[in-house]
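Visitor: Next come the chains, spelled out residue by residue.
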Amino acid sequence: MRNLAIILGMAGVTYLPRLLPALFMGRVNFPPWFQKWLRSVPYAVLGALIFPGVLLVDRDQPWLGLAGGLTAVGLSFLNLPLTLVMAGSITAVFLLQLLV
Amino acid sequence: MKGKLVFLQGARAGLPIALGYFPIAIAFGVLAGQAQFSWQEATLMSLLVFAGASQFVGVSMLLSGAGGLQIIAATFFINLRHLIMSLSVNDRMRDFRPLQKATLSFFITDETFGLLTLGEDKWSGKTPPGYMAGLMLTAYLGWVSGSAVGGLGAEFIPPQVTTAMTVGLYGLFIGLLVPPARKTRSYALIALASMLINWILSLVMAGGWALVLAAMLAAGMGIYLMEEDQ
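Heads up: the sequence lines are chains A and B, in that order.
Here this note's numbering is used: the first residue of the first sequence is 29, the next is one more, and so on.
Here this note's numbering is used: the first residue of the second sequence is 3, the next is one more, and so on.
For the record, the hints were derived by calculation from the structure and aren't laboratory data.
From the three backbone atoms N, C-alpha and C, an ideal C-beta is built for every residue, glycine too.
A portion of the hints provided could be inaccurate.
[Said to hold, decoys possible] The list that follows gives simulated cross-link-like pairs (lysine to any residue, SDA-like), each with its CA atoms no further than 20 Å apart:
#, chain 1, residue 1, chain 2, residue 2
1, B, 128, B, 212
2, B, 124, A, 107
3, B, 128, B, 99
4, B, 128, A, 58
5, B, 128, A, 54
6, B, 124, B, 40
7, B, 6, B, 131
8, B, 185, A, 98
9, B, 128, A, 98
[To be verified] Some chain B residues flagged as far from chain A (calculated, every beta-carbon gap over 10 Å):
#, residue
10, 5
11, 6
12, 8
13, 11
14, 33
15, 66
16, 67
17, 103
18, 132
19, 135
20, 143
21, 175
22, 195
23, 208
24, 223
[To be verified] For each label pair, taking beta carbons as the anchor points, the in silico distance ranges come out as:
#, chain 1, residue 1, chain 2, residue 2, range
25, A, 107, B, 62, 32 to 42 Å
26, A, 57, B, 102, 42 to 52 Å
27, B, 6, A, 91, 25 to 35 Å
Modelling step: build the complete structure from the supplied sequences, incorporating the hints.
Guide: Below, the structure is given as structure tokens:
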């Protein structure tokens, strides 16, 4: 019973911020500066999601996440498809864990 | 294009996320089991919340004796970042029906947001609802099914694999960000500034707040850097 209450509470407070823009962004026309801000959001959010979070993949060994992240950067510079970038960083970290 | 085909294309695009989610969701299910959640409850949480980081924090807090209201408050702050992501996604859903917007918004996660905004864009900004639904539902299935498997007591996934798969999701973010950042200098500047600000802020405040503030501030640079129309 308590678990169910916690689940429903978490579900409610998680859906709220996801839903709000869907309710008020209907046909409102935003000023140009806000449109530019909005178009910049994906790059800013992805940047903030990557760093420093990538260092916390293994809290005891921050270099492990860093190595995986740098592998992904290197593979992206080779213009490899997304799945290979992911697979490469996973393989690198998995092998490093076995070696060290 | 036929609706079914568009949906399947979206589902295919979402497959890397589902594969990345699955083993991490198993780890979540196992942890939830340790916190006295039945496998049905663990699966229900993934069905209704669908936000990985907060689910891990939630059951961990329960294990360390936190109360329900504390957990719900922490969940709210961790998931506040979806607000800016939803602003951006809803900007691309202006022509959708209200019910479609409200439904698809539920499925916004770090990963579905990243793929929808920076993934291969063959729709030139007009992503159809069916494609979004296919992508999001695939990711959702990966998360929910993994939670059920983990909740049923599957502990066959060693922690090293979970660690490596977590890096895979960072690989997804990096693989999405690098190509546009290489092409357009202002995108790279915005992303790098956001990393730096987030790093500094996360030293002085909770991670959830730092991320939201950093992203809002760094996107503010775009007001001066971005071209007027594109």
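Visitor: Against this structure, judge whether each hint is valid.
Guide: Outcome of the hint check:
With a CA separation close to 31 Å, the supplied pair residue 128 (chain B) and residue 212 (chain B) exceeds the 20 Å bound. A hinted pair counts as satisfied when its Cα atoms are at most 20 Å apart, and residue 124 (chain B) with residue 107 (chain A) qualifies at roughly 17 Å. Under the criterion of a C-alpha separation no larger than 20 Å, the hint pairing residue 128 (chain B) with residue 99 (chain B) is consistent with the structure, at around 14 Å. Between the alpha carbons of residue 128 (chain B) and residue 58 (chain A) the distance comes to roughly 18 Å, so the proposed pair stays at or under 20 Å and holds.
Taking the CA atoms of residue 128 (chain B) and residue 54 (chain A), the gap is about 16 Å. The hint holds against a cut of 20 Å. For the suggested pair residue 124 (chain B) and residue 40 (chain B), the alpha carbons sit about 43 Å apart, so the restraint of at most 20 Å is broken. A hinted pair counts as satisfied when its Cα atoms are at most 20 Å apart, and residue 6 (chain B) with residue 131 (chain B) qualifies at roughly 11 Å. For the hint linking residue 185 (chain B) to residue 98 (chain A), the alpha-carbon distance of about 19 Å falls within 20 Å, and the restraint holds.
Proximity of residue 128 (chain B) to residue 98 (chain A) is assessed by CA-CA distance (about 33 Å); at most 20 Å being required, the pair is judged violated. Residue 5 (chain B), annotated as away from the interface, keeps every beta carbon of chain A farther than 10 Å; the closest lies near 21 Å. No beta-carbon of chain A comes within 10 Å of the beta-carbon of residue 6 (chain B); the shortest separation is about 23 Å. No beta-carbon of chain A is positioned within 10 Å of the beta-carbon of residue 8 (chain B); the least distance is around 20 Å.
With a least CB separation of 15 Å from chain A, residue 11 (chain B) remains clear of the 10 Å interface cut-off, as annotated. Even its closest Cβ contact with chain A, about 14 Å, leaves residue 33 (chain B) beyond 10 Å, as expected for a residue assigned away from the interface. Taking the minimum C-beta to C-beta distance to chain A, about 14 Å, the non-interface status of residue 66 (chain B) holds against the 10 Å cut. At roughly 13 Å, the least C-beta separation between residue 67 (chain B) and chain A is larger than 10 Å, which holds for a residue marked as non-interface.
Distance check for residue 103 (chain B) against chain A: the nearest CB is about 4 Å away, which does not clear 10 Å, and the non-interface claim fails. Consistency note on residue 132 (chain B): stated as away from chain A, and its beta-carbon is indeed over 10 Å from all of that chain's, at 17 Å minimum. Even its closest Cβ contact with chain A, about 14 Å, leaves residue 135 (chain B) beyond 10 Å, as expected for a residue assigned away from the interface. Once the 10 Å rule is applied to beta carbons, residue 143 (chain B) is consistent with being away from chain A; the minimum gap is 18 Å.
Distance to chain A contradicts residue 175 (chain B) as a non-interface residue, since its nearest Cβ pair spans about 5 Å, not more than 10 Å. Listed as a non-interface residue, residue 195 (chain B) fails to keep its Cβ farther than 10 Å from every Cβ of chain A; the least gap is roughly 7 Å. Against the 10 Å criterion, residue 208 (chain B) stays outside the reach of chain A, whose nearest CB is about 13 Å from its own CB. For residue 223 (chain B), the requirement that its beta carbon stay farther than 10 Å from each beta carbon of chain A is not met, with the minimum near 7 Å.
At about 39 Å, the beta-carbon gap between residue 107 (chain A) and residue 62 (chain B) stays in the expected band of 32 to 42 Å. Distance hint for residue 57 (chain A) and residue 102 (chain B): a CB-CB separation of about 21 Å, inconsistent with the stated range 42 to 52 Å. Range check, residue 6 (chain B) to residue 91 (chain A): Cβ separation about 47 Å, and the 25 to 35 Å hint is violated.
Figure legend: structure checked against the earlier numbered hints; hints not met, in rising order: 1, 6, 9, 17, 21, 22, 24, 26, 27.
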